[in-house]
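Trainee: Residue strings, one per chain:
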Amino acid sequence: MMATQHDFIGRVTAALGNAEMPEQRRRRVFAARPGHGPGEIVKRARARTEADRLILLQQLIAQGKPLNLNVIPTKDPSDTAAAIAALVAEKAPEWEGPKSVAVWRHPLIDRLDLPEILAPQKVPVYSPRQTNGAPESTNERSFFRSRVGSAFIGITSADYCLAETATLVMKTVPGRDRSVSLLPSIHVAVIELNQIIRNLPELYAYLKYDGKPPDWGLANCLTLISGPSKTADIELTMVHGAHGPRELYLYVVTPTSAS
Amino acid sequence: MSRITTENYKSEARKAIKDRVLQSALASVQDRLGKGTARAYRELPEGPELRRTAHDMRMQAVENLDILLETLADNIGKNGGQVIFADDAQAAVAACIDIARRHDVKQVVKGKSMVTEEIGLNPALQAAGIEVTETDLGEYIIQLAGESPSHIIAPAIHKTREQVGRLFAEKLGIAYTNDPPTLTRTARTALRQKFLTADMGISGCNLACAETGHITTVSNEGNIRMATTLPRVHVAFMGMERVTARLEDHDILFRLLSRGAAAQHLAGYISYIGGPRQAGQMDGPEAFYLIIIDNGRSKILADPEFREILCCIRCAACLNVCPVYGKIGGHAYGFAYSGPVGAVVTPLLIGIERARDLFLGETLCGACKDACPVDIDLPRMLLALRARLVRGVSDRTTGGSVTVEKAVYKAWSAAIRNRRAYAGLIRTANMLQRPFTGADGMIHRLPFPLAGWTRSRDLKPLALTSFMDRWNKGLSGK
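These protein sequence lines are chains D and U, in that order. Sequence positions in the first sequence follow the numbering used here and run 1 to 259. Sequence positions in the second sequence follow the numbering used here and run 1001 to 1478.
It is worth saying that the hints were derived from the structure and are not from the lab. Incorrect hints may appear among the rest.
Quick look at which bits of chain U chain D covers, simulated, 3 or more residues with Cβ under 8 Å [to be verified]:
1) 1066 to 1075
2) 1111 to 1118
3) 1251 to 1257
4) 1371 to 1385
5) 1438 to 1449
Ideal Cβ positions, reconstructed from N, Cα and C, are used throughout, including at glycine.
Here chain D stands alone, though its shape is the one from the complex:
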């Protein structure tokens, strides 16, 4: 039968048979793991020099290879935009219809000037409208859905990128919708060198202790992406592009140009 939260949890407490005061237990179980407390990890990560970051970039490139994640360092936004334009020209759409691209509304992506860069190819660039917190209508959402659904390339940035596991980390916030990295056949992500961090402990420390609301925390949805979509469900044969993107390109804007 359907239970109330009170009855359900009461039964769990009874099953545990723990005589200790709940408050004491609460303090103990939620205390940060040793070495993972406020400040500790973030402080170390912030102290990283550019040379340290370039080492992380090399690690990211190496870790990305077996995952079919193409990591490409670029000099600056215009260099990146040129690389993306070449990709748009080279790749054919997976589904029927003309080429189009969907992008995030994001400072780094804005700097790429993609509508202008892709104009000679006559490839339209769709980005979600700024709503300024006003509730978006159902019509607007279905328009968004059809645009992102028909785009063959989706272009996003990311909040962080983990070098050890070649993982992109994206918070869902207005303008940075999650279907842009999901529905198009090819996912292109653009980040800056200083967004690369080492690993999951660093990520979790940043999410828990860095910044203030609304930047703080995980948002209502946080996505970790390590490589393109894949499956091995038929005789353990690896196939890319099960449901999500078949290909994933990550451009890292690296001012000193390690490329």
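Given chain D, work out where chain U should sit, using these hints.
Mentor: What follows is chain U alone, placed relative to chain D:
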């Protein structure tokens, strides 16, 4: 409740052993995933000992489950999600159908979730007139074939590419092919339409995080991201033990889960979901529900001998090394959970007597414990279930095999404490065994009442000269 066929364990096992296709599929899965996982543990920077740390972490969570569930529910509520607590399978299924009715749901897309297999969600939704489509490629294949999963993470592993090709040709109307990329693309195309038109997405939950108020979903295909991003409503199901206190616990647990499940450093997609779409967001569901399920788990929690099984994170690493699973496959286990974890958890959920063959059939070799990412002592619990079975039977009956067994052990105990009686017993046995010893020096068949010993294995005969006799001769020859 889903269909339970644990009673057919022996006949299903016999069938599986004769199935050549299945035997080669199982050998391949164990050879690749089993060995890959062992290698992945060795390559951990912290070493395989990290599994011990993870065990302690999971155990601490289980032992404070009341606090974690309360915190999780409060935080999800704050984010605009709704949490429903379900005592049993019927309540969980009813809650889901109720949500579907309220949101006028006609079509559901599902991510792979073993707990929904446990509660028999799909048939119930279909009976309520709702179309349910499994979207994990393996689950989609077996749904089309009308079968049940045979492996926790590779549900269609018992099917060859030729079988999948014929199935797709018949059900999806494509030209026959046995090429996995073409078959995958066929499913991608068919399911894309389902994702875009479905009203509701259903997922499981790998590990919730209490302090932030998020569930997590893990996949490599991206199907769970689709199912939780595109439909209007998202309903997540979670066995009540699948929660951690702190966000940083997920570092160790996800790295180990990914290694245990598929020998990966980290699964392709991990999503944290804490509530519905917020203002200004163009995608994501309007409503988010989390259904937290007991269905027998609080009884396991109350039992100190078996509480440890609630640490399990359902990665299937134990299936990939188990010599029994490797021969009989997943269907013989007769319930959502197969392999060593199924042999422990199924009896605890549905009844020790009813699922007795599952834990009696395992070998106690210990491979599952070494493969477990959270170092659960499965062999200990398999043995404890056997003890529980025997104790339970003797409590209820006064005669039968237990009385005979006790008498035999009593006689044996007296004999081995008396040197001369023991020597006499061995000499007699030595004489009696001769007619049963084959040309290859092994005993293949013994008569009643010992026939059971040789039904499925050969015995080595007793040595002609006992160790004591040889020892004594050795001493005198000095």
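Trainee: How about the region 1066 to 1075 of chain U: do at least three of its residues have a C-beta closer than 8 Å to a C-beta of chain D?
Mentor: n = 7 at 8 Å, threshold three: holds.
Trainee: Taking 8 Å as the C-beta cutoff, is the stated coverage of the region 1251 to 1257 of chain U by chain D satisfied by three or more residues?
Mentor: holds (count 3)
Trainee: Taking a Cβ-to-Cβ distance below 8 Å as contact, does the region 1438 to 1449 of chain U have at least three residues touching chain D?
Mentor: Coverage by chain D is violated for the region 1438 to 1449 of chain U (0 residues, Cβ < 8 Å).
Trainee: Against chain D, does the region 1371 to 1385 of chain U show at least 3 residues with beta-carbon separation below 8 Å?
Mentor: violated (count 0)
Trainee: Quick check: the region 1111 to 1118 of chain U, covered by chain D? Criterion 3+ residues, Cβ under 8 Å.
Mentor: Contact hint for the region 1111 to 1118 of chain U vs chain D: violated, 0 residues under 8 Å.
The structure fails hints 2, 4, 5 (numbered hints given earlier, in ascending order).
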